[in-house]
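Chain residues, written in single-letter form:
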Amino acid sequence: MTRSWPVIAAMFLTLGGLSAVAGYEMASPPAAQWREIAWPFPRDGWPAGRAFHCGVAECGAEVEVYLRPKLGFCNCDSGVADDDEVDRVSDVDMISPRFAPLKVGDVVDVAEMRGRIRAYDVGMPKEKRTAIGIALSHRCDLMAVAAQGGGDAARVQRATLTFLESQEIRKWMIAAMEGR
Amino acid sequence: MVACQERVFRRRYRRASVPHSQRRLAWEFGVVRMGGRVTAACCTFLLVLLANGASAQQKIGDPPEASNMRLVGTSDLQARSAYQPTIHHQGDRWIAYIGHHGGTDDIPDPVNPMTGKAEPNGTSIVDVTDPAHPKYLRHIPGQEGKYESGGAQMVRICDGKDLPKGDRNAVYMLRTFGSEAHEIWNVADPANPVLVTRIGGLKDTHKNFWECETGIAFLVSGAPDWRTRRMTQIYDLSDPAQPKKIRDFGLPGQEPGATGAVPTELHGPISTGPQGNRVYFGYGTNKGGFLQIVDRDKLLNGPKEPTPDNLKFPEIARMPLSAMNGAHTVFPMPGMPIAEFARDKDGKSRDIVMIVDEAIQNECGEARQMVWFADVTTEARPMMISNYTVPEASGAFCERGGRFGSHSSNESMAPVYYKKLAFIAFFNAGVRALDIRDPYHPREVGYFIPSITAATDRRCVTVDGKDRCKVAIQTNNVETDERGYIYAVDRANTGLHILELTGAARAVAGLP
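As you go down the protein sequences, you meet chains A and B in turn. If you're matching positions, the first sequence starts at 6 in the working numbering and goes up one per residue. If you're matching positions, the second sequence starts at 5 in the working numbering and goes up one per residue.
The hints are simulated quantities; they were obtained by calculation from the structure and are not laboratory data. Positions of the beta carbon are idealized from the N, C-alpha and C atoms, including for glycine. Be aware that a few hints might be false.
Derived SDA-like pairs: lysine to any residue, alpha-carbon spacing no greater than 20 Å straight-line [to be verified]: (1) B:Lys470 with A:Ala181; (2) B:Lys470 with A:Gly50; (3) B:Lys470 with A:Met99; (4) B:Lys474 with A:Leu166; (5) B:Lys352 with B:Asp313.
Under 7 Å between C-beta atoms, here's a sample of chain A residues computed to sit facing chain B [said to hold, decoys possible]: (6) Asp88; (7) Pro102; (8) Lys108; (9) Asp114; (10) Ala116; (11) Arg119; (12) Gly184.
My request is simple: use the sequences and hints to build the entire structure.
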């Protein structure tokens, strides 16, 4: 009995190690970088959505993303028509009522929804920040996404889109747009 | 306790693809298993509630539901989704002009039986001289497109003899043409309208207002360079054949070149003309908005370049609404004597604005949209004083299908009802008649919920990723004529219902 004890211990250690490696390899790297935080904005006409934070170490800059469905958008046929629509509906105004577009927006497809994406300079009291506004339409409804970060616009936009394409978030967005 | 169990029940069955009625039944059995007298009493109560809910859903063949209102006549309006009815006394005839939303997914272009052709929804012209037997005269097609993307939803009428430079023999109909234009037609012969002019190049339109005595028109438009879908373009239409642009108007932040947050879009204005010198603008729908009170003279004659300062110049007051409500109709009623204040040294009469929100979501999928009364006597400090909603439990309206909540009121200022009764379109709760003589305490005195027909379109909600549809009346807009008839039209294709008051409601109006 005393002679077999080290063998059993070694087996446990080996199996434990292998399990840890397998677990690490199977984990979804993008999702692990983001941490869900409380919805940081006061109540408005739409119910609160979900908010996420990504640190400098993982995203290269502090980035926060806010997303929520807006059911009853009404533009059933035309969808997100233009950049003005993104200015109006993407929730960037919740980050700051003073925002200025950096350039003309682009068409974007996320979670099988088509819409537009636009980058902004946001006038914050102490610092200049970048915001990203995304409006995605699904039948008569809308998914509004706003993001803000301290880095340049391209980096914040890249981090935001990568996050939105993660399996968990795609799944949630599709379910939310279906009223689930 | 019951509410708590209801929440638990909903959570438990949320992800299962079980029909709603079966879920309720399962919950009911769950309660029964608890046993005991309290449970039995609860179950009886719930069964009564469920029975009410089940019976509340309309079926073809059911009679209308009514109190102090009676159906006089109907027109099916060719089963087109209807928005604004405007009734005009034209010679010795009474003509109803009814604007339509676009077609539906199932029937984008209904067939006009008079021409045998499929026509995009536009404007229906109906002779209602004999309200018991309305006679459909003409359909003028609108813009191709479904729901709010097509049709010709808004319509206003002015006689040529009232307009300063109009043809005295003409009767002019101002209508929207889908989202792209405003049009003026001569409808002196309502069965044979003639297009007079068109103002195009827009990205949207909506609920216009036209002063017949001056010709000034407040056109709800989407000017291409403005940041909002709907703002105001003011035109001089005193000579309908020669429209003259006066200015563009909106809230600061909506103008071209602005940055930052964009204020809620316009729904519609109502002007009190040169005498009242006020224009009341309603912004928003169901998610925040404003009542804006504007000095009409400053608006028309002030600086016109759309800068933030110039847009603010004519504004007297802007009252923000809750983020859960918006303003579809803002109906002014200045100088209302308030009986309760009759012996007060000051404030015996009050200037009132009735604000009607618009419900958007089917089956109560949003905050309640209802009717509000604002005292604007001290114009710079408007104050909400009262409100009105249909009690949901009075008809299990959240269960019936379609929208439940307010949409619009009559806008006629004819003496028969002005400052006495208001009629509110309440979607699946039909038309509601309010005694508003004391606007601090508005009181429902009658209602009429039309029957559905084979033409009534379904309304769906998404449950667990699938459409669940119900058929219900969707009374959309309402108007009155000088004779006292009430005209309600249906968004779900059920047509026009011409009503009259009976009993106590009729007495409020002083009608024989």
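Cross-check of the supplied hints:
{"no.": "1", "hint": "B:Lys470 with A:Ala181", "in the structure": "13 Å, holds"}
{"no.": "2", "hint": "B:Lys470 with A:Gly50", "in the structure": "25 Å, violated"}
{"no.": "3", "hint": "B:Lys470 with A:Met99", "in the structure": "32 Å, violated"}
{"no.": "4", "hint": "B:Lys474 with A:Leu166", "in the structure": "38 Å, violated"}
{"no.": "5", "hint": "B:Lys352 with B:Asp313", "in the structure": "36 Å, violated"}
{"no.": "6", "hint": "Asp88", "in the structure": "9 Å, violated"}
{"no.": "7", "hint": "Pro102", "in the structure": "4 Å, holds"}
{"no.": "8", "hint": "Lys108", "in the structure": "13 Å, violated"}
{"no.": "9", "hint": "Asp114", "in the structure": "20 Å, violated"}
{"no.": "10", "hint": "Ala116", "in the structure": "14 Å, violated"}
{"no.": "11", "hint": "Arg119", "in the structure": "17 Å, violated"}
{"no.": "12", "hint": "Gly184", "in the structure": "4 Å, holds"}
Checked against the numbered hints given earlier, this structure breaks hints 2, 3, 4, 5, 6, 8, 9, 10, 11; the rest are met.
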